[in-house]
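**Student:** These are the residues of each chain, in order.
2 protein chains.
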Amino acid sequence: MSVEETIRNIAKSAKKSARSVAALSTLKKNEALERLADKLVDRADVIKAENEKDLELAKKKGLSDAMIDRLAVTDGVIEGMATGLRDVIRLPDPVGQVTGMWLRPNGLQVGRVRIPLGVIAMIYEARPNATIDAAGLCLKAGNAVILRGGSEAFHSNSILGQIIQEALRETNIPESAVHVVPVRGRAAVEALLSQDDFIDLIIPRGGESLIRFVANNSTIPVLKHYKGVCHVYVDEDADLKMANEISWNAKVQRPGVCNAMETLLVHEAVAEDFLPPMARRFIDAGVELRGCPRTCNIVRGIKDATEEDWAKEYLDLILSIKVVSSLDEAIAHIARYGSAHTEAIVTSDYCRARRFLRDVDASVVLVNASTRFNDGGELGLGAEIGISTSKLHAYGPMGLEELTTTKFVVFGDGQIRT
Amino acid sequence: MSVEETIRNIAKSAKKSARSVAALSTLKKNEALERLADKLVDRADVIKAENEKDLELAKKKGLSDAMIDRLAVTDGVIEGMATGLRDVIRLPDPVGQVTGMWLRPNGLQVGRVRIPLGVIAMIYEARPNATIDAAGLCLKAGNAVILRGGSEAFHSNSILGQIIQEALRETNIPESAVHVVPVRGRAAVEALLSQDDFIDLIIPRGGESLIRFVANNSTIPVLKHYKGVCHVYVDEDADLKMANEISWNAKVQRPGVCNAMETLLVHEAVAEDFLPPMARRFIDAGVELRGCPRTCNIVRGIKDATEEDWAKEYLDLILSIKVVSSLDEAIAHIARYGSAHTEAIVTSDYCRARRFLRDVDASVVLVNASTRFNDGGELGLGAEIGISTSKLHAYGPMGLEELTTTKFVVFGDGQIRT
Chain A
1 MSVEETIRNI
11 AKSAKKSARS
21 VAALSTLKKN
31 EALERLADKL
41 VDRADVIKAE
51 NEKDLELAKK
61 KGLSDAMIDR
71 LAVTDGVIEG
81 MATGLRDVIR
91 LPDPVGQVTG
101 MWLRPNGLQV
111 GRVRIPLGVI
121 AMIYEARPNA
131 TIDAAGLCLK
141 AGNAVILRGG
151 SEAFHSNSIL
161 GQIIQEALRE
171 TNIPESAVHV
181 VPVRGRAAVE
191 ALLSQDDFID
201 LIIPRGGESL
211 IRFVANNSTI
221 PVLKHYKGVC
231 HVYVDEDADL
241 KMANEISWNA
251 KVQRPGVCNA
261 METLLVHEAV
271 AEDFLPPMAR
281 RFIDAGVELR
291 GCPRTCNIVR
301 GIKDATEEDW
311 AKEYLDLILS
321 IKVVSSLDEA
331 IAHIARYGSA
341 HTEAIVTSDY
351 CRARRFLRDV
361 DASVVLVNAS
371 TRFNDGGELG
381 LGAEIGISTS
391 KLHAYGPMGL
401 EELTTTKFVV
411 FGDGQIRT
Chain B
1 MSVEETIRNI
11 AKSAKKSARS
21 VAALSTLKKN
31 EALERLADKL
41 VDRADVIKAE
51 NEKDLELAKK
61 KGLSDAMIDR
71 LAVTDGVIEG
81 MATGLRDVIR
91 LPDPVGQVTG
101 MWLRPNGLQV
111 GRVRIPLGVI
121 AMIYEARPNA
131 TIDAAGLCLK
141 AGNAVILRGG
151 SEAFHSNSIL
161 GQIIQEALRE
171 TNIPESAVHV
181 VPVRGRAAVE
191 ALLSQDDFID
201 LIIPRGGESL
211 IRFVANNSTI
221 PVLKHYKGVC
231 HVYVDEDADL
241 KMANEISWNA
251 KVQRPGVCNA
261 METLLVHEAV
271 AEDFLPPMAR
281 RFIDAGVELR
291 GCPRTCNIVR
301 GIKDATEEDW
311 AKEYLDLILS
321 IKVVSSLDEA
331 IAHIARYGSA
341 HTEAIVTSDY
351 CRARRFLRDV
361 DASVVLVNAS
371 TRFNDGGELG
381 LGAEIGISTS
391 KLHAYGPMGL
401 EELTTTKFVV
411 FGDGQIRT
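One line per chain: the protein sequences are A and B, in this order. Going by the working numbering, the residue at position 63 of the first sequence is 63; the numbering climbs one at a time, nothing skipped. Going by the working numbering, the residue at position 380 of the second sequence is 380; the numbering climbs one at a time, nothing skipped.
Just so you know, the hints here were simulated from the structure itself, not pulled from any lab data. Every value quoted in this text rests on a predicted model; they were computed, and no experiment measured them. Any given hint could be a false lead.
Identical copies go unnamed one by one, so any copy, or any two together, can satisfy a pair.
[Stated by the list, open to error] 25 Å max Cα-Cα, derived DSS-like pairs, lysine-lysine:
1) Lys28 x Lys303
2) Lys15 x Lys312
3) Lys39 x Lys303
4) Lys48 x Lys28
5) Lys224 x Lys15
6) Lys407 x Lys224
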């Protein structure tokens with residue numbers, strides 16, 4: 001069977017099972033997730049053995065230590081997967097929630113009810129725990145799911161897929177509710193992207209090139225974010241100690257993630273007070289600074305920031321800094337170079353806080369808090385399957401609700417339209 | 001300038017104005033809509049003169065009377081546009097609505113706030129009043145909009161576009177908030193579909209071929225419905241008089257629209273009582289009936305329905321009829337042949353009503369009411385810009401809320417992530 005046929009069959013069977021998955025009770029879904037959590041722990045040895053194959057290949061291929069680290073499935077990682085599933089079990093089931101109901105003048109009662117999206121395909125790289133996280137969230141939201149992990153995690157994902165299907169079978173849920181695509185290579189991804197008869201949503205997670213490839217080649221709606229070029233703007237009325245802590249946290253706590261700060265904007269009125277100690281702290285921690293001319297006048301000996309720097313997602317201990325003359329200039333800079341991901345202002349001024357919140361177009365806009373809070377768990381969604389910087393359907397972290405849609409239900413007593 | 005450049009410039013200027021349109025107060029937006037409503041009535045003679053050019057060309061081209069009728073802009077049509085705008089003025093402004101707000105354990109206050117989508121492009125056919133309706137709704141929801149009507153309405157749309165821009169100018173709103181594309185031909189449509197840097201959403205309205213063309217060629221998210229193959233299912237416990245009235249209304253009141261019934265499903269237990277008088281009423285009204293073998297046994301002398309009939313959107317006084325043995329068979333038939341648009345059951349049975357509501361996947365599912373109620377106005381959304389049968393972002397009629405998204409806003413006091 002060709003790759004295209006294999007993928008088409010998978011998509012078709014997922015679509016077929018989607019109807020019965022959509023009708024599963026919360027109890028039933030939770031039972032399957034619980035079974036899966038138990039199984040992962042029980043079968044830890046098998047999982048680690050399969051993971052070992054991936055690790056060996058990765059070392060042979062000369063993947064970076066960071067990549068190999070992300071690929072490794074330890075007992076701790078397995079415990080983490082099981083804990084994650086139990087967290088999802090405790091989250092409220094979005095399916096069937098009535099998001100509104102009203103009465104029309106003719107007596108029709110009209111409501112909107114949350115329903116699953118149908119079939120979700122996720123295309124992702126590296127970490128095998130994404131396989132379990134995604135399966136748990138999609139299933140809890142009543143969706144069938146097709147998981148296509150990176151080829152470097154092929155063996156790990158395959159065994160996880162088998163264990164998922166066992167848990168489904170043992171709890172009388174169609175196995176085809178969760179597919180782990182058993183094919184390597186980009187042809188399988190391409191084939192997935194054209195199954196618009198069967199797949200309702202594609203979620204790519206990974207590097208910008210993967211995401212662009214998916215967005216450009218998919219005939220199915222895609223929820224994506226390309227990159228996070230996140231800013232912290234230190235206003236003229238900022239509490240400078242708070243600004244220092246927030247900027248530090250936003251840059252240094254975990255520099256390799258999408259909600260880390262990449263550019264620091266500082267109002268000219270506080271730049272001379274704020275920047276020297278802030279720069280010292282960053283430099284001491286090994287952060288490379290790149291400044292605009294005004295920044296370089298205040299903080300001597302750092303690199304000049306180029307035009308490319310302002311648009312760059314470093315994902316590393318590098319930070320560009322710009323001194324601005326006004327809130328307007330900060331907002332304009334963010335509009336031009338930002339990626340609609342996460343933007344923060346530090347200020348004690350009521351009006352400027354309100355203006356920043358209103359006029360900055362980003363999935364999460366914060367006042368006096370670190371950009372690092374753009375995360376489904378941190379914002380109270382319970383868990384997330386990714387962050388969308390597209391505005392359609394979901395903007396920001398996507399939790400269980402974002403894996404559903406609403407349909408209209410109408411209760412009548414024989415009403416006809418006149 | 002090439003068509004591509006013209007379109008790119010339009011899209012770019014719409015994007016530029018989108019930021020200021022998003023920040024307009026409700027008062028300001030309503031003032032512009034009011035001004036536009038007044039202007040349409042004041043300039044009725046000019047509009048009708050331009051429309052006359054379109055009508056003459058349409059007659060020369062030999063368009064059908066129905067098409068010409070849809071194209072004609074009479075005083076009544078102009079009054080209708082003005083009334084429509086005044087209705088939109090009275091609708092609540094979705095922008096800035098807080099859809100939820102909660103406190104996190106660390107004291108962060110997290111909320112979701114409605115914001116405009118940005119730039120919406122609508123590609124539509126025939127009726128020039130769509131130009132005004134779409135401009136009004138998009139603007140009220142804080143979006144910039146690019147309107148690309150059918151070439152047969154070129155002169156009418158151009159003059160309406162001019163009047164819209166006058167109303168904007170006179171109320172100090174950037175003219176580029178609403179563009180009527182001044183270019184005929186499909187190249188302009190194609191160029192629009194690739195402006196993903198500037199356009200956030202494409203809404204095609206028209207025939208299935210237009211919509212497929214848009215969906216297949218757009219790199220921008222598309223909200224669409226291809227067709228409405230809507231069913232009424234008359235259950236064994238239906239009130240047969242009610243079932244007759246609902247079926248009649250769903251088929252005959254306005255057969256040429258997407259929420260009209262195309263297939264009638266009847267439970268075998270009531271088929272012999274229900275079908276003969278129902279069929280007689282339809283035949284007397286000139287409805288052509290096409291039945292399954294069991295239907296043809298009960299109603300003599302009608303055509304046999306073929307496999308193609310079950311999937312057909314007639315948009316005409318034609319109806320296919322099938323006798324089914326159970327609710328399950330009805331639901332399975334709808335799942336196979338329906339278009340996720342509008343589905344109704346007529347029943348007095350509580351459990352079957354609940355099952356139909358839950359298990360039928362359609363944007364609007366009704367109990368004991370006509371399919372004709374799938375309409376933004378009828379369901380209480382105030383107005384609609386179209387009906388989506390895609391599940392992403394919006395499913396069903398799209399009102400003002402569906403022309404917005406939400407962003408997260410976070411109020412902190414210096415919180416950092418640990």
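**Student:** Evaluate each hint against the coordinates.
**Tutor:** Do the hints match the structure? See the list:
Taking the shortest alpha-carbon separations for lysine 28 and lysine 303, neither the intra-copy value of 58 Å nor the inter-copy value of 46 Å comes in at or below 25 Å. For a Cα distance limit of 25 Å, the shortest separation of lysine 15 from lysine 312 across copies, 22 Å, qualifies, whereas the shortest one inside one copy, 40 Å, does not. When the C-alpha separation of lysine 39 and lysine 303 is checked against a cutoff of 25 Å, the pair qualifies neither within a copy, at 53 Å, nor between copies, at 58 Å. Within a single copy, lysine 48 and lysine 28 get their C-alpha atoms no closer than 29 Å, and across copies no closer than 63 Å, so neither meets the 25 Å cut-off.
For the identical chains of this complex, lysine 224 and lysine 15 are neighbours both inside a copy (22 Å) and across copies (20 Å), given an alpha-carbon limit of 25 Å. When the C-alpha separation of lysine 407 and lysine 224 is checked against a cutoff of 25 Å, the pair qualifies both within a copy, at 24 Å, and between copies, at 15 Å.
Figure legend: structure checked against the earlier numbered hints; hints not met, in rising order: 1, 3 and 4.
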